[in-house]
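Q: Just need the whole structure built from these sequences, with the hints factored in.
Chains as they are written, first to last, in the numbering used here: chain E, 1 to 385; chain V, 1 to 263.
Rather than coming from a laboratory, the hints here were simulated on the basis of the structure.
Any given hint might turn out to be false.
[To be verified] Not everything, but these chain V residues come out facing chain E in the computed CB check (under 8 Å):
no. : residue
1   : Glu91
2   : Arg135
3   : Ala136
4   : Pro138
5   : Lys140
6   : Phe163
7   : Pro192
8   : Lys196
[Stated by the list, open to error] The calculated SDA-like cross-link candidates involving lysine to any residue, where the alpha carbons are at most 25 Å apart (straight line), are:
no. : chain 1 : residue 1 : chain 2 : residue 2
9   : V       : Lys250    : E       : Pro187
10  : V       : Lys140    : E       : Ala113
11  : V       : Lys62     : E       : Leu342
12  : V       : Lys144    : E       : His76
13  : V       : Lys250    : E       : Met130
14  : E       : Lys162    : E       : His76
15  : V       : Lys140    : E       : Leu118
16  : V       : Lys144    : E       : Leu114
17  : V       : Lys181    : E       : Leu118
18  : V       : Lys101    : E       : His266
We put the beta carbon where it would ideally sit given N, CA and C, even for glycine.
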Amino acid sequence: MLELTFKGGKAYYGWVLALLATIGAGFALYLWQLDFGLGITGMSRDVSWGFYIANFTYLVGVAAGGVMVVLPYYLHDYKAYGRITVLGEFLAIAAIVMCLSFIIADLGQPMRALNVLLYPTPNSILFWDMIVLNGYLFLNLVIGWNVLEAERNGTKYQQWLKPFIYLSIPWAISIHTVTAYLYCGMPGRHFWLTAILAPRFLSSAFAAGPALLIVMCLFIRKFTNFDPGKEQIQTLAKTVAYAIVINVFFFLCEIFVAFYSNIPGHMDHIKYLFVGLHGHGVMVPWMWASMILMVLGIILTVNPATRRNESTLLVGCLVIILGTWIDKALGMIAGGFVPNPLHEVNEYVPTLPEIGIALGVYALGALVLTLFYKMAISVKEEVRA
Amino acid sequence: MESRRSFLKVAGVAALGLGTTPALKAVAASGEAGGGAPQPQVKKGAKALTAKQWAMVIDTRKLQTAADVEPLIEACNKIHNVPHFNNKNHEIKWIWETEFKHAFPDKSNSFLNESVEHRPFPVLCNHCENPPCVRACPTKATFKRESDGIVLMDFHRCIGCRFCMVACPYGARSFNFRDPKPFIKEMNRKFPHRMKGVVEKCNFCAERLAVGEMPACVEASQGAIAFGDLYDPHSPVRELLKENFTIRRKQVLGTEPSVYYIV
Numbered sequence: 001m002l003e004l005t006f007k008g009g010k011a012y013y014g015w016v017l018a019l020l021a022t023i024g025a026g027f028a029l030y031l032w033q034l035d036f037g038l039g040i041t042g043m044s045r046d047v048s049w050g051f052y053i054a055n056f057t058y059l060v061g062v063a064a065g066g067v068m069v070v071l072p073y074y075l076h077d078y079k080a081y082g083r084i085t086v087l088g089e090f091l092a093i094a095a096i097v098m099c100l101s102f103i104i105a106d107l108g109q110p111m112r113a114l115n116v117l118l119y120p121t122p123n124s125i126l127f128w129d130m131i132v133l134n135g136y137l138f139l140n141l142v143i144g145w146n147v148l149e150a151e152r153n154g155t156k157y158q159q160w161l162k163p164f165i166y167l168s169i170p171w172a173i174s175i176h177t178v179t180a181y182l183y184c185g186m187p188g189r190h191f192w193l194t195a196i197l198a199p200r201f202l203s204s205a206f207a208a209g210p211a212l213l214i215v216m217c218l219f220i221r222k223f224t225n226f227d228p229g230k231e232q233i234q235t236l237a238k239t240v241a242y243a244i245v246i247n248v249f250f251f252l253c254e255i256f257v258a259f260y261s262n263i264p265g266h267m268d269h270i271k272y273l274f275v276g277l278h279g280h281g282v283m284v285p286w287m288w289a290s291m292i293l294m295v296l297g298i299i300l301t302v303n304p305a306t307r308r309n310e311s312t313l314l315v316g317c318l319v320i321i322l323g324t325w326i327d328k329a330l331g332m333i334a335g336g337f338v339p340n341p342l343h344e345v346n347e348y349v350p351t352l353p354e355i356g357i358a359l360g361v362y363a364l365g366a367l368v369l370t371l372f373y374k375m376a377i378s379v380k381e382e383v384r385a
Numbered sequence: 001m002e003s004r005r006s007f008l009k010v011a012g013v014a015a016l017g018l019g020t021t022p023a024l025k026a027v028a029a030s031g032e033a034g035g036g037a038p039q040p041q042v043k044k045g046a047k048a049l050t051a052k053q054w055a056m057v058i059d060t061r062k063l064q065t066a067a068d069v070e071p072l073i074e075a076c077n078k079i080h081n082v083p084h085f086n087n088k089n090h091e092i093k094w095i096w097e098t099e100f101k102h103a104f105p106d107k108s109n110s111f112l113n114e115s116v117e118h119r120p121f122p123v124l125c126n127h128c129e130n131p132p133c134v135r136a137c138p139t140k141a142t143f144k145r146e147s148d149g150i151v152l153m154d155f156h157r158c159i160g161c162r163f164c165m166v167a168c169p170y171g172a173r174s175f176n177f178r179d180p181k182p183f184i185k186e187m188n189r190k191f192p193h194r195m196k197g198v199v200e201k202c203n204f205c206a207e208r209l210a211v212g213e214m215p216a217c218v219e220a221s222q223g224a225i226a227f228g229d230l231y232d233p234h235s236p237v238r239e240l241l242k243e244n245f246t247i248r249r250k251q252v253l254g255t256e257p258s259v260y261y262i263v
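A: This is the structure in structure tokens:
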């Protein structure tokens, strides 16, 4: 099926070239980082994880979000999703490719990355994260590819795929649970030390992932001859609506626990994010923007009129994608590291090269997504022609 | 019997964690042991100081001013090739001084004894008995040495993921954000300098204990810091703990720090 990715118009080739150029630029910056060290980033002794791990965390959510079309189709036999499950699976593949790239970009000694396999350490959550992320990539590649090929050949997918498909559902939950465990098992990091972190991650994932999928579906309908379907988009929108409401609810639970208990260690990180601490507050406008965007997202997706109208739904999805990104990527890192364990405030702002490398990774993900979606849509157009 | 049991353990873990080279090596080594061949062992030096769990008691009453603390920080930095950066983001710290409210953020009162409020508190790796950093490390590059409880780093295995820095509740770990070599004033050839991209921290002067010397900061402290075996009831550390009320940093987290403070 790969040959399908070579057949495209000028716009398609132009887009692919633009992505390749961005990847190239990002890679050049990465070579600089490789030479100089991570000192070209804004990270420090106190904020030892930054933009890379922030985006990694967010994208694990996007990858897990794909399960929101896989689960209803395969477990509840919700037939309408048959048209778009492969879009969910391929979105997951692109997201995982970005996650793994962000991890590599974040390593101080990337040539030693395989030490994780060479000296397997089951007590480290990072070891398990490596297993679940690569496993999820493998599952989605095998499932997505074979199901799409079967569709192209006009047959049903192979029987042996079934167990893999069922496995992929809890596996999707596991990737984001394990990623949350990276954070919430750390003693002395009060912002993360909360049992609700994994559920919070999952709820924002199930909002952001399907929201991105809706945006993709609307795009595909407009620019290709394949229509993912009105019903499909509307059902996804309901998933987004529930998930974003639950996400904000979970966040409010955190606020209640921190401020009603009045424990300084718990309150200070949230104060830093939303009102600033000891005169430091670069995150304040971002966090309020995130809250406003998520509330706007709730209004637009919960209200039936704006949900059914695909233009307002598109706006709703975009604000949810942006709002959850600020909340989970930027806020999760900054809030966790500031103030530091000695209760000193040292803020973090990513540098331009750091952002450039991240853009390169996003371009890589966009390229993977473009090629896989091109393949999927070409097959669907072929079958329906 | 014991070696066979540990062999089975290793084999089980290896089967679980994808059979890889070291796991295979471990299997091979145990096989030899079964045949009577001796296992490779690291021998102690004749003068080496040993303990079950090294521990430190810092009498902060004897370290009233910055001038009292700086020599011991200086001694450590010099011996361990700790670089000096002007960019605060790239800072490397093994032992450094801070205020009481930062060393003990959960024990600080609004109205504090003036002497304590202004006293410089030396802080360093606590060589915890339950170190969260060791739990977090995905490659065992940081580990708790079973023979004496020191939390050590293998600078050649560290992949620079900085998970240990996230896990440490004491901010005791530093990362080489760039090549430290140009920023080391005077190179001590007896101790390795680090490369960019790896994490480092205080090692309780394991290299000095191995040749019968006390840690550099202890030596430079003129009696303000005692060092000894926590599990030897007659060690200088235990004597001090018996006679003085001591506190440890963030005891509530259950990490069991091995550095005690007399205030």
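Q: Identify every previously stated hint that the structure contradicts and give their numbers, smallest first.
A: Violated: hints 7, 12, 13, 17.
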